[in-house]
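Let chain A serve as the given structure and place chain B on it in line with the hints.
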Amino acid sequence: MKTVGYILQRLLYGAVIVIAVLVLNFLLLRLAPGDIADTLAVQAGGATQEQITEIRRSLGLDRGVAVQLAAYLGQMLKGNMGTSLYYNQPVLQLIQDRIPATLALVITALLLAIFVGTLLGVSAARNPRGWISNLVTVLSLVGFSAPVFWSGIMMLIAFAYWIPLFPASGMYDVGAPATGFMAFAQILHHLVLPAVSLMLVYLAQYSRQARASMLDVLGADYVRTARAKGLAERVVIYKHALKNALIPVVTLAGLQFSQALAGAVLVETVFNWPGLGRLALDAVLNRDFPLLLGILFVSAVLVVIVNIITDFSYRLLDPRIRSAG
Amino acid sequence: MNSGWRLFVANKGSVGGALVLCAIMLAALVGPFVYDVLPFDMVSAPMTPPGAELPLGSDYLGRDVLAGILHGARVTLAIGIAATLCTVFIGLTIGAVAGFYGKWVDTLLMRVTEFFQVLPPILLAMVLVGVFGPSITTIILVIGAVSWPSIARLTRAEFLRIKEREYVLAGRAIGAGNLRIMLRIILPNALPPLIVSAALTVGVAILFESGLSFIGLGDPDVISWGYMIGNSRDKMFDSWWAVMFPGLAIFLTVLSLSLIGDGLNDAFNPKLRAR
Numbered sequence: 001m002k003t004v005g006y007i008l009q010r011l012l013y014g015a016v017i018v019i020a021v022l023v024l025n026f027l028l029l030r031l032a033p034g035d036i037a038d039t040l041a042v043q044a045g046g047a048t049q050e051q052i053t054e055i056r057r058s059l060g061l062d063r064g065v066a067v068q069l070a071a072y073l074g075q076m077l078k079g080n081m082g083t084s085l086y087y088n089q090p091v092l093q094l095i096q097d098r099i100p101a102t103l104a105l106v107i108t109a110l111l112l113a114i115f116v117g118t119l120l121g122v123s124a125a126r127n128p129r130g131w132i133s134n135l136v137t138v139l140s141l142v143g144f145s146a147p148v149f150w151s152g153i154m155m156l157i158a159f160a161y162w163i164p165l166f167p168a169s170g171m172y173d174v175g176a177p178a179t180g181f182m183a184f185a186q187i188l189h190h191l192v193l194p195a196v197s198l199m200l201v202y203l204a205q206y207s208r209q210a211r212a213s214m215l216d217v218l219g220a221d222y223v224r225t226a227r228a229k230g231l232a233e234r235v236v237i238y239k240h241a242l243k244n245a246l247i248p249v250v251t252l253a254g255l256q257f258s259q260a261l262a263g264a265v266l267v268e269t270v271f272n273w274p275g276l277g278r279l280a281l282d283a284v285l286n287r288d289f290p291l292l293l294g295i296l297f298v299s300a301v302l303v304v305i306v307n308i309i310t311d312f313s314y315r316l317l318d319p320r321i322r323s324a325g
Numbered sequence: 326m327n328s329g330w331r332l333f334v335a336n337k338g339s340v341g342g343a344l345v346l347c348a349i350m351l352a353a354l355v356g357p358f359v360y361d362v363l364p365f366d367m368v369s370a371p372m373t374p375p376g377a378e379l380p381l382g383s384d385y386l387g388r389d390v391l392a393g394i395l396h397g398a399r400v401t402l403a404i405g406i407a408a409t410l411c412t413v414f415i416g417l418t419i420g421a422v423a424g425f426y427g428k429w430v431d432t433l434l435m436r437v438t439e440f441f442q443v444l445p446p447i448l449l450a451m452v453l454v455g456v457f458g459p460s461i462t463t464i465i466l467v468i469g470a471v472s473w474p475s476i477a478r479l480t481r482a483e484f485l486r487i488k489e490r491e492y493v494l495a496g497r498a499i500g501a502g503n504l505r506i507m508l509r510i511i512l513p514n515a516l517p518p519l520i521v522s523a524a525l526t527v528g529v530a531i532l533f534e535s536g537l538s539f540i541g542l543g544d545p546d547v548i549s550w551g552y553m554i555g556n557s558r559d560k561m562f563d564s565w566w567a568v569m570f571p572g573l574a575i576f577l578t579v580l581s582l583s584l585i586g587d588g589l590n591d592a593f594n595p596k597l598r599a600r
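If you're matching them up, the sequences are chains A and B in order.
Per this note's numbering, the very first residue in the first sequence carries number 1; after that it's consecutive.
Per this note's numbering, the very first residue in the second sequence carries number 326; after that it's consecutive.
No lab work stands behind these hints, which were simulated from the structure alone.
Each residue gets a CB set at the ideal place from its N, CA and C atoms; glycine is no exception.
Among the hints, a few may not be true.
Okay, the calculated beta carbon distance ranges per label pair [to be verified]:
| hint | chain 1 | residue 1 | chain 2 | residue 2 | range |
| --- | --- | --- | --- | --- | --- |
| 1 | A | ILE99 | B | ASP546 | 35 to 41 angstroms |
| 2 | A | ALA71 | B | TYR385 | 58 to 64 angstroms |
| 3 | B | ASN503 | A | VAL67 | 55 to 61 angstroms |
| 4 | B | LEU344 | A | MET182 | 40 to 46 angstroms |
| 5 | B | GLU378 | A | LEU119 | 46 to 52 angstroms |
| 6 | A | ILE99 | B | ALA377 | 48 to 54 angstroms |
| 7 | A | ASN80 | B | ARG497 | 35 to 41 angstroms |
| 8 | A | TYR238 | B | ASP546 | 24 to 30 angstroms |
| 9 | A | LYS239 | B | TYR385 | 53 to 59 angstroms |
| 10 | B | LEU508 | A | ILE107 | 27 to 33 angstroms |
| 11 | B | GLU491 | A | PHE312 | 55 to 61 angstroms |
| 12 | A | ALA71 | B | LEU344 | 57 to 63 angstroms |
Computed footprint of chain B on chain A, listed as stretches where at least three residues anywhere in the stretch have a Cβ under 8 angstroms from a Cβ of chain B [said to hold, decoys possible]:
| hint | region |
| --- | --- |
| 13 | 155–165 |
| 14 | 186–199 |
| 15 | 253–267 |
| 16 | 279–291 |
| 17 | 301–307 |
Bound-form chain A, shown alone:
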């Protein structure tokens, strides 16, 4: 029962945040230079003052702010996120088309970073003065300090131009459409460089976090007990200690999902990866505010969902949190 109550509470809280994002979006839309009626008039090739007034009235822009806000919330929650000024297509449709590419990039990068980072961190913790430990220290400094768009470009020059192993841009081979498994292989081939550049930022932090929490866990009583029972060191580390050492890493990955989405904006720009970030950049350059705010809203919803999943998953990993919650 406790768990059900907790889940409901989390979902309710998520819903409140989503509505708060919508209110912020509405305020930003009103702040945006020139209202939508002006923009439509310009697109139509100019309009008289009466026509603009007529557009305003038809869009409800002549009513009070509260009425407009209520109408906006209603429309957004129904899934009607408006029409892109530049593409002249429903915002929701444009976003839906781009979400899979962004999720593929971000999730691949984060999973890679968690996997490699944990391996590095655990090896470093087992031998705090060894070369892997030093590597983790250097990696974490480099990963934090190198701008992700720059390391992406450096990798492009190195591995797409000097040693042409990987394609330089996009998601599919140009002029060689494929289906089924071949299409999947093409996407993977295109995904390597962007995913690795985005991974480097997080690899550093996760290996550092994994090292710190593994060192903590290795000093715990239950690890000493496991060793005293005569279990092999490998079993102690990977079966007993790792599970608890992973919790902070998973939490960090979940909490950083919004930053990873932000990083994807830059990486997608470098590699012309056809995701939400690329779409957002086009939207801001075209001054397409309905589309841009739609992307901000959808990203925030994704982050809320990921935060809730993270929260539940570490309750699964650690029974102590479950009973205390």
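Leaving out everything else, chain B in the frame of chain A:
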């Protein structure tokens, strides 16, 4: 404090970082006078490789890369520092009020903080720059507006910890008001972790500004490192030097700031050092 400084000076990494940062600041201050070339001037054939004529080569418009880096250093460092001041001011105010007053004030402010952490920072910054237009002032305020939550959380935690101390009670006993207690008694004791965090925030702000300029949302009237990379991106295979050197400048600056931050952390947070 003295033992702290001794520890900082004993840390080779942080001393190295401090020296590199000093060199970069010196280059920003006097570089443009010593190397007398304007960054937007076309001074050579397009895409001249690094060599005797131009130490770091020129970009696809024949603009001197070294001149760009020297002039860009001023802009990048100035924005980084100003944006950090802005971030720390917002984060400190919100965190201090939340931690000091507690109860519903704390709950409300922490909910607002969490709300800002849900919005992907660059996307929110893109919206804000789109709405208010790209100028140096907007960019500084925008970076402050999207990066304050971590400082606010840290400040709140410190204020929560310190406000129960006896010397705070003593301060109250001699009749100090809330503002005086917050500013004169709690804040000085909360400073060490905040200083470390501020040093790292300068690096983050520089990365942020570079990212915005890279995608073309920087102030179009000034040259910055991120702008140089974004501008030469389409010609990166033919003139790698025009993207590599500005990026190296960002990398070295942020690296030296994080080395300094690490050193300060080891020196002033002895509890963390034990780990």
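Tested hints:
1. A:ILE99 <-> B:ASP546: 35 to 41 angstroms: holds, 36 angstroms
2. A:ALA71 <-> B:TYR385: 58 to 64 angstroms: violated, 49 angstroms
3. B:ASN503 <-> A:VAL67: 55 to 61 angstroms: violated, 41 angstroms
4. B:LEU344 <-> A:MET182: 40 to 46 angstroms: violated, 54 angstroms
5. B:GLU378 <-> A:LEU119: 46 to 52 angstroms: holds, 48 angstroms
6. A:ILE99 <-> B:ALA377: 48 to 54 angstroms: holds, 52 angstroms
7. A:ASN80 <-> B:ARG497: 35 to 41 angstroms: With a Cβ separation near 56 angstroms, ASN80 (chain A) and ARG497 (chain B) fall outside 35 to 41 angstroms, so the hint is violated.
8. A:TYR238 <-> B:ASP546: 24 to 30 angstroms: violated, 57 angstroms
9. A:LYS239 <-> B:TYR385: 53 to 59 angstroms: With a Cβ separation near 57 angstroms, LYS239 (chain A) and TYR385 (chain B) satisfy 53 to 59 angstroms, so the hint holds.
10. B:LEU508 <-> A:ILE107: 27 to 33 angstroms: The hinted range 27 to 33 angstroms is violated for LEU508 (chain B) and ILE107 (chain A), with Cβ atoms some 45 angstroms apart.
11. B:GLU491 <-> A:PHE312: 55 to 61 angstroms: At 42 angstroms between Cβs, range violated.
12. A:ALA71 <-> B:LEU344: 57 to 63 angstroms: holds, 60 angstroms
13. 155–165: Since 3 is at least three, the answer is holds.
14. 186–199: violated (count 0)
15. 253–267: holds (count 8)
16. 279–291: Our answer is that it holds, as 6 residues pass the Cβ test (under 8 angstroms) against chain B, meeting three.
17. 301–307: holds (count 3)
Checked against the numbered hints above, the structure violates hints 2, 3, 4, 7, 8, 10, 11, 14; every other hint is satisfied.
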